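There are 2 protein chains.
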Amino acid sequence: MNSAIDFIRSSVTQGLSIAVVSHKNPDGDSLGSLLAMGLSLEKLTKNVIFVKPDIIPEDYLFLPGLEKMKKIDDINTDIAVLIVLDCSDPDRLGLNKILFESSKKIINIDHHISNTKFGDINIVVPESSSTGEIVFDLLSKAEFPIDTEIATCIYTAISTDTGRFSYESVTKNTHLIISKLYDFGINGYNINKNLYQKRSLSRTKLFILAVSNLKFYEDGKIAIAKVTKDMYSKTNAHPDETEGIVEFLRDTDGVEVACLLKELNNNDIKLSLRTKEYVDANKICSLFGGGGHIRASGASSTETIEETEKMLLQEINKYL
Amino acid sequence: MNSAIDFIRSSVTQGLSIAVVSHKNPDGDSLGSLLAMGLSLEKLTKNVIFVKPDIIPEDYLFLPGLEKMKKIDDINTDIAVLIVLDCSDPDRLGLNKILFESSKKIINIDHHISNTKFGDINIVVPESSSTGEIVFDLLSKAEFPIDTEIATCIYTAISTDTGRFSYESVTKNTHLIISKLYDFGINGYNINKNLYQKRSLSRTKLFILAVSNLKFYEDGKIAIAKVTKDMYSKTNAHPDETEGIVEFLRDTDGVEVACLLKELNNNDIKLSLRTKEYVDANKICSLFGGGGHIRASGASSTETIEETEKMLLQEINKYL
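If you read the sequences in order, they're chains X and S.
According to our numbering, the first sequence is numbered sequentially starting from 1.
According to our numbering, the second sequence is numbered sequentially starting from 1.
There could be a bad hint or two in this list.
One copy or any two copies: either way a pair holds, since identical chains are not told apart in the list.
[As the list claims (entries may be wrong)] Calculated cross-link-like contacts (lysine-lysine; reagent style DSS-like; alpha-carbon spacing at most 25 Å):
| # | residue 1 | residue 2 |
| --- | --- | --- |
| 1 | LYS234 | LYS215 |
| 2 | LYS310 | LYS276 |
| 3 | LYS172 | LYS141 |
| 4 | LYS221 | LYS105 |
| 5 | LYS70 | LYS270 |
| 6 | LYS270 | LYS97 |
| 7 | LYS205 | LYS226 |
| 8 | LYS310 | LYS172 |
In case anyone wonders, no lab produced these hints; they're calculated from the structure.
All figures in this text were calculated on a predicted structure; none of them were measured in a lab.
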């Protein structure tokens with residue numbers, strides 16, 4: 001971490017351009033970490049570029065600093081330092097991966113166990129609850145600025161990536177950081193309302209429809225919910241309005257593996273897996289070309305939703 | 001708080017009997033606080049009586065110390081000191097209220113704003129997130145013992161009474177306490193699994209049935225779900241398996257007041273209210289003879305479920 005801090009400091013002193021970027025299809029940790037790092041650097045130097053991901057899910061529209069984000073096509077500056085946050089692999093950047101070609105130095109900050117250490121400097125801490133936790137530790141150690149907005153982004157990163165402080169990865173340090181964020185003036189209640197109490201009506205309907213049709217297999221050890229194209233039209237929901245469904249399945253007694261199969265198109269299926277105690281979700285998803293964490297992972301499939309379900313069930317059965 | 005600590009210390013020295021009791025129809029905060037206080041005192045003296053409430057909801061069966069609880073009829077000892085936890089009013093003790101007659105001194109530890117200060121010594125801290133937070137502060141200040149089991153009870157008390165650290169009442173101190181609980185060896189992941197990832201199949205079915213029939217009023221500012229006797233038989237669920245329903249309604253965008261109406265019998269309806277920003281749930285529930293907190297309150301009604309709904313809608317409309 002020290003070499004990263006020294007390098008960022010000297011880049012700031014030299015007035016070099018620094019870009020912050022994260023993965024496509026972003027979550028709270030990637031957006032929160034990117035914004036926290038970017039906003040802090042911006043208080044030190046003018047040359048900070050916030051790289052916009054492909055989409056910004058509705059849940060995160062309240063995050064401060066989003067308006068600073070620039071699409072890849074609108075970035076004309078040469079980038080001296082590219083800070084990649086919460087990305088296990090350069091491919092996860094999607095179209096923004098092109099920045100790798102034009103950036104002189106890559107700093108890779110992540111907590112995914114599957115991280116490929118693609119940076120010139122790598123701060124990869126798999127035992128950290130979230131990239132947000134690493135960013136807070138880095139900013140604190142470096143004595144880089146933290147204000148209410150930056151603290152809000154870090155709270156969001158940590159809360160969303162720990163299932164509201166419930167995962168195995170949560171430690172004493174996680175809650176100590178949150179406690180310190182209150183010193184920086186965060187309104188925890190407002191952040192929680194924004195994150196968890198603004199489920200749209202369409203999403204509410206999609207949730208109810210999906211869980212009404214959930215299926216259990218293997219004595220209730222596996223729970224599967226499918227969201228089909230038909231359901232989007234019935235509920236007026238977008239395909240990205242499925243948050244909370246797979247967690248609802250997982251939270252049923254006896255369920256070890258919870259799966260959400262999301263039909264984006266006939267042969268374009270997104271898988272989300274959550275496990276409770278002994279099945280490695282990362283391992284199963286890696287067989288479908290995806291990955292993530294041991295208790296929460298994702299992948300894609302180019303089969304039909306029924307065929308994907310069959311393959312998935314076969315695969316999970318090996319580990320039950 | 002100091003006078004309570006001094007009094008408890010001298011009672012322990014004199015070998016007096018101390019009983020811990022909480023409200024009927026207990027929640028995580030009442031059970032967690034009662035057990036934490038009782039288990040800590042038990043490490044100081046033999047004369048601790050854990051008074052059993054009317055029921056123990058399934059979610060909390062994992063709590064350490066439950067086996068020490070005694071029913072009121074089996075308690076023959078005279079009680080010198082009665083520590084009442086998380087109770088706004090003696091009536092909330094239900095049948096265990098009889099202990100008030102035979103106890104020489106009452107210590108009242110609570111965080112409800114509606115607390116009637118019924119104790120000889122009152123530690124009432126409405127700005128505290130939970131009674132568990134007050135108990136932790138008391139044990140720490142008094143240097144009374146805290147071990148992994150006691151810390152587990154306190155975690156449960158705080159987490160459940162703050163909606164997983166999301167409510168307005170959560171402060172820097174709340175997370176600082178949780179951070180310290182990790183020092184006492186708690187397994188946060190296990191506690192969270194026990195609390196939030198063991199929804200029974202019957203409860204899952206009841207949840208889906210209830211939310212499938214939810215209704216919105218006043219441009220979606222009010223959301224009401226009804227659980228009827230008929231639904232229990234359809235899903236094999238118990239009337240106390242409704243946790244999570246009212247929070248699900250509240251978490252819908254635009255909803256200010258979320259209500260769950262639970263039919264225990266034809267003219268025995270339980271109300272649960274959650275509000276988001278400006279409606280005082282405590283005020284509305286107090287009109288039905290109940291109460292609680294500004295954002296979360298409960299009450300009962302002896303009207304039919306339909307009549308109760310009408311009355312409730314009229315009342316809420318005054319504050320929208």
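Quiz item: What hints, given by number in increasing order, does this structure fail?
Solution: 4, 5 and 8
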